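Peer 1: Spelled out, the chains give:
2 protein chains.
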Amino acid sequence: MINYEPFFSHNAKAMKRSEIRELLKLTAKPGIISFAGGLPAPDLFPVEEIKEMSRIVMEREGKTALQYGPTEGDTRLREELAKMMQKDGVNVTSNNLLIVTSSQQGLDLTGKIFIDPGDVVMTSRPTYVGAIQAFNTYGARMIGIEQDDEGTQTALLEAEIDKLGAKGLKPKFIYEIPDFQNPSGITMTLKRRKELLRIADKYDLVIVEDSPYRQLRFEGKTEPSLLGMNSERVLGLYTFSKILLPGFRLGWMAGPNELIQKAVTAKQSVDLCSPPFNQAILFEYLNRGLLHKQIDIIIKAYREKRDFMLAMLAKYMPKLPGLKWTQPQGGLFLWVTLPEDMDAGEMFHSAIEKQVAYVVGTAFYPDGGGRNSFRMNFSYSSHAEIEEGVKRLGQVVAGWKGGSENAIMTP
Amino acid sequence: MINYEPFFSHNAKAMKRSEIRELLKLTAKPGIISFAGGLPAPDLFPVEEIKEMSRIVMEREGKTALQYGPTEGDTRLREELAKMMQKDGVNVTSNNLLIVTSSQQGLDLTGKIFIDPGDVVMTSRPTYVGAIQAFNTYGARMIGIEQDDEGTQTALLEAEIDKLGAKGLKPKFIYEIPDFQNPSGITMTLKRRKELLRIADKYDLVIVEDSPYRQLRFEGKTEPSLLGMNSERVLGLYTFSKILLPGFRLGWMAGPNELIQKAVTAKQSVDLCSPPFNQAILFEYLNRGLLHKQIDIIIKAYREKRDFMLAMLAKYMPKLPGLKWTQPQGGLFLWVTLPEDMDAGEMFHSAIEKQVAYVVGTAFYPDGGGRNSFRMNFSYSSHAEIEEGVKRLGQVVAGWKGGSENAIMTP
Numbered sequence: 000m001i002n003y004e005p006f007f008s009h010n011a012k013a014m015k016r017s018e019i020r021e022l023l024k025l026t027a028k029p030g031i032i033s034f035a036g037g038l039p040a041p042d043l044f045p046v047e048e049i050k051e052m053s054r055i056v057m058e059r060e061g062k063t064a065l066q067y068g069p070t071e072g073d074t075r076l077r078e079e080l081a082k083m084m085q086k087d088g089v090n091v092t093s094n095n096l097l098i099v100t101s102s103q104q105g106l107d108l109t110g111k112i113f114i115d116p117g118d119v120v121m122t123s124r125p126t127y128v129g130a131i132q133a134f135n136t137y138g139a140r141m142i143g144i145e146q147d148d149e150g151t152q153t154a155l156l157e158a159e160i161d162k163l164g165a166k167g168l169k170p171k172f173i174y175e176i177p178d179f180q181n182p183s184g185i186t187m188t189l190k191r192r193k194e195l196l197r198i199a200d201k202y203d204l205v206i207v208e209d210s211p212y213r214q215l216r217f218e219g220k221t222e223p224s225l226l227g228m229n230s231e232r233v234l235g236l237y238t239f240s241k242i243l244l245p246g247f248r249l250g251w252m253a254g255p256n257e258l259i260q261k262a263v264t265a266k267q268s269v270d271l272c273s274p275p276f277n278q279a280i281l282f283e284y285l286n287r288g289l290l291h292k293q294i295d296i297i298i299k300a301y302r303e304k305r306d307f308m309l310a311m312l313a314k315y316m317p318k319l320p321g322l323k324w325t326q327p328q329g330g331l332f333l334w335v336t337l338p339e340d341m342d343a344g345e346m347f348h349s350a351i352e353k354q355v356a357y358v359v360g361t362a363f364y365p366d367g368g369g370r371n372s373f374r375m376n377f378s379y380s381s382h383a384e385i386e387e388g389v390k391r392l393g394q395v396v397a398g399w400k401g402g403s404e405n406a407i408m409t410p
Numbered sequence: 000m001i002n003y004e005p006f007f008s009h010n011a012k013a014m015k016r017s018e019i020r021e022l023l024k025l026t027a028k029p030g031i032i033s034f035a036g037g038l039p040a041p042d043l044f045p046v047e048e049i050k051e052m053s054r055i056v057m058e059r060e061g062k063t064a065l066q067y068g069p070t071e072g073d074t075r076l077r078e079e080l081a082k083m084m085q086k087d088g089v090n091v092t093s094n095n096l097l098i099v100t101s102s103q104q105g106l107d108l109t110g111k112i113f114i115d116p117g118d119v120v121m122t123s124r125p126t127y128v129g130a131i132q133a134f135n136t137y138g139a140r141m142i143g144i145e146q147d148d149e150g151t152q153t154a155l156l157e158a159e160i161d162k163l164g165a166k167g168l169k170p171k172f173i174y175e176i177p178d179f180q181n182p183s184g185i186t187m188t189l190k191r192r193k194e195l196l197r198i199a200d201k202y203d204l205v206i207v208e209d210s211p212y213r214q215l216r217f218e219g220k221t222e223p224s225l226l227g228m229n230s231e232r233v234l235g236l237y238t239f240s241k242i243l244l245p246g247f248r249l250g251w252m253a254g255p256n257e258l259i260q261k262a263v264t265a266k267q268s269v270d271l272c273s274p275p276f277n278q279a280i281l282f283e284y285l286n287r288g289l290l291h292k293q294i295d296i297i298i299k300a301y302r303e304k305r306d307f308m309l310a311m312l313a314k315y316m317p318k319l320p321g322l323k324w325t326q327p328q329g330g331l332f333l334w335v336t337l338p339e340d341m342d343a344g345e346m347f348h349s350a351i352e353k354q355v356a357y358v359v360g361t362a363f364y365p366d367g368g369g370r371n372s373f374r375m376n377f378s379y380s381s382h383a384e385i386e387e388g389v390k391r392l393g394q395v396v397a398g399w400k401g402g403s404e405n406a407i408m409t410p
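From first to last, the protein sequence lines stand for chains W and A.
In terms of numbering that gives the first Met the number 0, the first sequence opens at residue 0 and continues consecutively.
In terms of numbering that gives the first Met the number 0, the second sequence opens at residue 0 and continues consecutively.
In short, the hints are calculated from the structure, not lab data.
Since the model is a prediction, treat every value here as computed from it, not as a measurement.
Check each hint, because a few of them may be wrong.
Note that identical chains are pooled: a pair holds if it fits in a single copy or bridges any two copies.
Straight-line C-alpha distance at most 27 Å; calculated DSS-like pairs for lysine-lysine [as the list claims (entries may be wrong)]:
| no. | residue 1 | residue 2 |
| --- | --- | --- |
| 1 | Lys50 | Lys292 |
| 2 | Lys201 | Lys190 |
| 3 | Lys353 | Lys318 |
| 4 | Lys50 | Lys62 |
| 5 | Lys201 | Lys12 |
| 6 | Lys299 | Lys323 |
| 7 | Lys62 | Lys28 |
| 8 | Lys50 | Lys353 |
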């Protein structure tokens, strides 16, 4: 038997299987109602339209679609996306865009072009687990800044950057998900966005704006995107996974041409180009104006699901001091905070026994914490599953330690 | 204006745009006959079948195909691939396989799991430029070993490993393309394969076997693959790009489960999973036994193209001392060596003027060298283009420095 351990790189030795992915496996067992994954609702996928666009692409340009393509991506698709972003107030052309193989690849390329081992990256607390994973791979030292209802607390951020400065350190970038953040569902206020950009200017920093859900706003006013507010300091990451479908693994990056060019070079060594076949199909889909309609369908369905999950939480969760959850205005997730003495990680096994699943909060904390919290997804499950799942979850929370079984019945 | 340079990682600062990709752009200009790229012949793509399989997948399993999938890849596709590899004498099951987003991603994941900055990687001289790029990104120090007609010279390899050992160093792995190597077209003999595995055992090393062309043998006896000869020390990289189509960006890795598991973990942070839509289509295609037939079609066409290119080289190349080219038994490439005092890099501009292109040899040398050589692809161009292109190339070579215009006319 060969011992492979000594062959692995320093970072590979430290790599842990993603908690989220491992949980997804566990929660894929029959009977379990899972609020764990970040899966979109498959019933909404435009299967017929994609089938039709695939046929059109193969008939019109089969040989090109099955060949290698440029690393930057299909020019027609990039132009469609640039138009879409322009309507959202972002000053970009196709030259500012790079098609990537999922926004997770966007995160990986971001890590690749910016991070040396030991480099500091500022994030919010909590933040997206996939970003933590991607940046960890490059040896980032992540410092999380607490968020409140208005998003990352920029005063704390500035203080932390000052503290680093006193030690001669400077963050490589600030990572943010300003709209319907994963995992918290919180949207950053305009005031905080301005503050964030002021800080970036003051300390000469780049901001990485991860924006998978921005278009999925159920209500309220859309705040300008960070890239829309500042086209020099912001690198944006986007994906089709949540606004259309994840099965094509396509997303894009947008930002200053110099940063995009560096990402293009990095992508050459990573996968040469994203699938031209899939890009051609999506171009056709966007060019026919279908994405806009699809997003409307998704917004309507997810709004109802969010409303329903909030109603079910109000109905089935026990009344415990400190137990609360966020009320997201869009996106796919909400965030539950338990009383401080409760541990969502320990409680997880009890939840699985009751056939209901969530993601433990600790997964979203780059530098420790979050034990008394968990993330719930409301996009994937049906209304019936949401009711039954939240009911079970209410029983688990009520039955755990300080909770009482009676509390389950609280209407 | 912001100066982005200080933000970039050490490796990103050193990243150069791929010479091959940049040349491809140059050579894409109308009128130029390009032997530079590694593109398969688009006329052979099974457009109708892929269109049909896409329709079947969308009708049968549209919702699953458009959703996220497991990081390991579609189980059905992995089982089909395992069966195919078993027939090739490789002892694997689907548990030894990971679907990747192109074999370039296989190279990137290989770099990610094995290489720390400064780690030594052994390659042949020349070797695949995409591997050089991928390993460079992780800060590898590549040492190239000269090859002859039998492949990498294993005696030189062993001596080099001994030299490293004397300095307390040990390579992280040996990178090889044993079948119809890119760029040289050379196939490693059985004797050398055995030697390579003996060395790996003796020094406790892992071998990375890159195998994109293995199934494209035009004639002669197939040697066992390194993974087939040793299932513990070899990690294999494979792709659909050359045996079917590149436009899906799908390939796979195969090897000891422990290495595959590490690659799975690394892949989670890179793109979560490869496109399930494309995987489902390829499963359907393989399951119907269509790949086998397609490979036969490709072999027949590429054999004819190789024969034709060799005939044209014999016809149009000037008779110069030291000028020679390889006679590959399969694959997509052959390798031209010029007289020692000729520089293929300087000559490239003159070739572009004459509207013909190749890849300069230096691109394939991880540690310098190869100035008097270049790679030619015979899979992409038509017979008419091959004749005209080689004719132009003969004029360029003959007209360059020591060459005489008369030599062009040598039949």
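Peer 1: So which of those numbered hints doesn't the model satisfy?
Peer 2: 8
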